[in-house]
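Engineer: Residues per chain are reported as follows:
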Amino acid sequence: MTKVTLTVNGRAVSGDCDDRTLLVHFIREKLGLTGTHVGCDTTQCGACVVHLDGKSVKSCSILAVQAAGSSVTTIEGLAPQGQLHPVQAAFNEHHGLQCGFCTPGMVMTAVDLIGRSGGDLDEDKVRHGLEGNICRCTGYHNIVKAVLSANEQMHGEVRQAAE
Amino acid sequence: MYDTSYHRASSVDEAVNLRSSHDEGRYLSGGMTLIATMKQRLAAPSDLIDLRHIPALKGISVEGRRVRIGAATSHAEVAASSALRAVCPAISDLASMIGDPHVRHMGTIGGSVANDDPAADYPAAVLGLGATVITDRREIAADDFFTGMFETALDEGEMITAIAFDAPDKAGYAKFRNPASRYAITGVFVAKTGSGVRVAVTGAGSNGVFRHAGMEAALSTSWVPESVASVSVDASALMSDLHATAEYRANLVRVMAKRAVASAG
Ligand SMILES: Cc1cc2nc3c(=O)[nH]c(=O)nc-3n(C[C@H](O)[C@H](O)[C@H](O)COP(=O)(O)OP(=O)(O)OC[C@H]3O[C@@H](n4cnc5c(N)ncnc54)[C@H](O)[C@@H]3O)c2cc1C
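Chains as they are written, first to last, in this note's numbering: chain A, 1 to 163; chain B, 1 to 265.
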């Protein structure tokens, strides 16, 4: 057993686990944050995407010990005050989900993508950016719409704030 | 996953020492191949030596035309480096085509080159650029480094610390990717340098990445996409699998070489 200490959604947490424990299991089972899902378990589907030190990663393919000392954001960390994050609101508005299983990973990926893009996104870039996330319900169209709409809103707001 | 013990090294020496004191240990870089393989119980290292926190293995330096990429530099960093893009956009473009954003955030050039997957992208760049693979104990020319599928010239416990090369006059990469895994069904890297033209093919060869002498000769005579159209590609040394037959790959080698030259300008 190793004691792993890291920051999750802004809070310092620690827990004992085997060195082989995956980050996603640590998050779900030790911390009880079950918003992060395990879909394929083979590094393909992206349902488990979280941010590790500000970058989107597949938490099913990282050991919890690898993340020790790092800062992790999960889907729960996006809406700490219960007010939906603009990307979550856009998924809601544009019907970017059906069964909802892939949604946490999609939303975390979209937040990363929008953050890195500096606002410069189009349909092609969004589809390329979502290649690591599989959805079996929506056919992606509404997810792409939601991401573009959130991008507009978030970067529009940044522009307004700067003016 | 079988049980394992994790170690976080903070220097190259510490990592090499840890590795040499654990016969069944393995270096862990991005884990995008190794952790996945361990989850399938196809690998069972007793110890993992994490290289991601060793400052000497990180970062990209460009001095004049000389490029050095630390082994633990992620695909995303190679894709986003403006210094690298200014002298060799082909390698940044190649990195931006690997897997998906999450894989690119974790996966590293050192891990990819050490792993030498026959369908991986970086081996084509390293061989095509005539790069040098720098390890904790020596420098290995790309021509001597890749020795077969998942086989390299690395000794037991030897660690890649960096990849270095002189920026070429022109270079381009084109891949026909497997739409599910995004690995190369066939990828071709072309480079034109003061010392000649190099053409490296990944994803197609039944013995891993290889150079194509016929295409190198044709492009040395005339660096235009049409030059490679009539070069013959021997299908007998290529892979056949459910994605593509050897004959189909032979044609893809030509098509990707044409596109690579076109993208190089
Ligand atoms: C969904 C998915 C899609 C992918 N698509 C592509 C693709 O399109 N193209 C492509 O090329 N790759 C692809 N990959 C593989 C990816 O690029 C990996 O990052 C890469 O193959 C391994 O790099 P790593 O840093 O993750 O290495 P690890 O998984 O940590 O290590 C791989 C091997 O190399 C050894 N090793 C690591 N670092 C060193 C070092 N410095 N010196 C010596 N040995 C070392 C390890 O011991 C291990 O044996 C994909 C992977 C996934 C999961």
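Treat the hints with care, since some could be wrong.
[Stated by the list, open to error] Once the Cα atoms are required to be at most 30 angstroms apart in a straight line, the calculated BS3-like pairs of lysine-lysine come out as: (1) B:K39 with A:K3; (2) B:K192 with A:K55; (3) B:K258 with A:K55; (4) A:K125 with A:K145; (5) A:K30 with B:K258; (6) A:K3 with B:K258; (7) A:K3 with B:K170.
Hints listed in this document are in silico derivations from the structure and should not be mistaken for laboratory results.
Engineer: When the hints from earlier in the document are held up against this structure, which numbers fail?
Structural biologist: 2, 3, 5, 6 and 7
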